[in-house]
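Same order as they appear, the protein sequences are chains A and B.
All residue numbers for the first sequence refer to our numbering, where the first residue is 677 and numbers rise by one.
All residue numbers for the second sequence refer to our numbering, where the first residue is 10 and numbers rise by one.
Rather than coming from a laboratory, the hints here were simulated on the basis of the structure.
Just so you know, not all the hints are guaranteed correct.
[Said to hold, decoys possible] Cut-off 30 Å, straight-line C-alpha distance, at most; resulting in silico cross-link-like pairs (DSS-like, lysine-lysine):
| # | chain 1 | residue 1 | chain 2 | residue 2 |
| --- | --- | --- | --- | --- |
| 1 | A | K806 | A | K749 |
| 2 | A | K695 | A | K766 |
| 3 | B | K49 | A | K806 |
| 4 | A | K766 | A | K806 |
| 5 | A | K944 | B | K271 |
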Amino acid sequence: MSATPAQDSAPLLRVEGLKKHFPGRNGGVVRAVEDVTFSVRRGTITGLVGESGSGKTTAGRCLLRLVEPTGGKAVFDGVDLFGLSPHEMKAYRRRLQIIFQDPYSSLNPRMRVSGILGEALDAHGLARGKQRPARIAELLTMVGLSPEHARRFPHEFSGGQRQRIGIARALAVEPDFIVADEPVSALDVSVQAQILNLMQDLQQSLGLTILFVAHDLTVVEYLCDDVVVMYLGRIMESGPSRSVYARPRHPYTKALLSTAPVPDPDFKRERLILNGDIPSPLDPPSGCVFRTRCPYAGDACAEIVPPLDPIGPSHASACIRQTELVAAGIL
Amino acid sequence: MTDLPEDVILSVEDLQTHFVFRGFVARSVEGVTFSLTRGKTAAIVGESGSGKSVTSLSIMRLLSSPGQIAGGRILYRARDGRVLDLARLSAREMRRIRGREIAMIFQEPMTSLNPLFTVGDQIGEMITLHQPVGRAEARRQVIELLDLVEIPAAATRLDDYPHQMSGGMRQRVMIALALACRPSLLIADEPTTALDVTVQAQILDLLRRLQSELGMSILFITHNLGVVAEIAHDVVVMYAGRVVEQASVRTLFAHQKHPYTKGLLASTPNPGRDLAGSERQRLTPIPGTVPSITALPPGCVFEPRCGYAIPECRAGRPPLFPAGPDHFSRCIRHEIM
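Produce the complete structure using the sequences and hints provided.
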C-alpha cells in the first residue's frame, strides 16, 4: 500500500448521517440514501460499492451538491459542505471534482477538447490568455493523450480516450478530491485496466484523494485503500480493503465477493447465492434492509435497524448477528 | 452437406458477415470457424467490435440490412437428424427452426419484452404459435415454464407486466420464453451483462441447471472472462471479426497461445488470487484500442497492440495454427507463448 505520512492525519472528508430522500408516487418517500457515515483519508482511494439501487451514485453526487442532500453533514477539510451557500459551494468545486460514468454523454459533442478543458479553467479563472494552450497540452499529456488532440471533437475518440478527457477536465482545476462515478463501467476490459492504472498513477503523483463509486467489487480491490459497501441506501460494511476482502464481516459483502466471477475454471469456493432481488427503496424492509435476502436473518433482524458497529481497526459492520455468525464460522 | 460429426450440433465454417453501405464493405465477421458439442456450452468472448454478436445474429439469421452473410456455412443438426446449412435456408424454412429449435436471449430483457402485454400473454403466444393447444393448456404450460426458471409464485406473476418485474426476473421471463418450445440450442447474447453480480450468479446457476436437466446446447456470448470460466466448456476468443484463439476452458485459462487472450486475462481483475501480504497489484492493460473494422492494420490485426510483435507479423493475415490438442491460435509466434 502507498503509505504516505499524510494518511494517518485527520480525514479529508467525513460524511455523517447523510440522507437523501426523493418524493415518490402517491406521497411516498424514496429513501435513496439513509444515515450514511464514513471517512475518506487524505491521499487515499476509498471505494463506495453497491449494486443498482444501493444509493452509491446519489451519495457521491450529494457530496458535490449536484444533488441536494436531505440531511447530514459532509465535513471537508474542516468545513461542512452542506452548510455552504451556492456561491460558496461554487468556490469549493475547485477542490472537489467529479468524473462521470458515461464518456459519451458527459462531453459536449459540439465542443473541441480545448473548449471542454478551457470551460473548466474559465469556471475558476485559471490559466488565462497565453498560458491556456500550454496548460491544455500539459493536461492532455498527463492523461496519456497528446497535445494535438486539443483540436479534435469528442466523436473522434474511443471510449477510453474520452474517459481520459473526462479525467483531464476534472484535473484542470487542480482539485484535492475527486468523486469518480463508475468511470470504467462503460469501457472494454483491456481499456478499463488502462484507466484504472492511470487513476492510480495520478492519485500518487498528484496526491489526490478519490472516492471511487463502483458496482464491481473486484475492480475496487485493485484500486482502493478502503471500501464502503452499501445496500438499499445504507452502509452494510466499511473498512480497509485488505481486511474486508480477506474476511468480510457482513453476509452481504460475503455474498457479493462469493458471486463475483473468477477468471479461473479450477477456482473452487463456497458460493453464497442470494435469493431474490433488491427490494424497492419506496418500501424497504423493516429492521435490517438486507434481511429479506439474507440466509442468516432471524426474527430480531426485522425489528432492529443494525448500527454500524466497530469490529476492528477502522472496520465496521452493520449486522446484529455478526458476532454470532463469526463464532459459528460462517463469517 | 452431412459431414457433421455425430456429437456436434452446430458447426460454423469460414463464416463471413459483411455490412455493405454505399459501396463500402465492413467485414464484421471474417472467416469464423468453430463448432459446438451437443449438450455443452461454448462461449464466444470478445470486446466491443470483435464480431461476437454479429456471429450470433448470423446463426439466427437475424441480421438486419445492410448486414448479410457473404460466405461460409452454418451447419446445424436439426431434431429430425437432417444437417441444414442455416446460411442457405429460405426465410420460411428458417422460421421453422428459429424459436422451435434454436432460441435466443439478449442482454437487455426490457427491450425484448413488449411492455403492453403481460408476461403470461407473451409466453403463451409463443406456445400457441408453435403448438396446437388451447388457452387453458397454454396457461398451464406458462406456469410450468415460470416455475422452471424459478420465478416465485408463478401462478400470479404471469399476470404481471414487464415493468412490474426486476431486471433479474425479466431475464428469467426471457429464458422462459426461449425455452417455451424446448429448443436444442440456446444462444445467449450477454444475458447477464445488465444484471447485478448477485443476480448474475442466480442466472448463471439457472442456465447450468437447465442445461443439465434439458440437455440443451448453449452458445454463450460474453465479454467477461470470469463468466466464461464459470459457464463454458469450450471457448472461442474473437478480436476484430476473427477467431484468434480456441480451446477447452481449462486449456485456455492454463495456457493462452495468443497474445490477445493473454492480454485480456491480464486486464481482468481476479478476485480469486491471494493478495494477502502482497503489495496492491496492478492490472496489465493492453495498450491502444480496438481498431475500427473498416480500417484494419495490414497483417495480423492485433499486431499494433501486441507486445510480442515482430516485423513478420505485418507480412500477412496469419492462419489459425494448431497449438495443441483441440487448441488453435491465430499467431505466428504461438510456439513461444
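Inset, instruction - Taking the numbered hints from earlier one at a time, note which ones the structure violates and give those numbers from smallest to largest. - result: Hint check: 1 and 3 fail, others pass.
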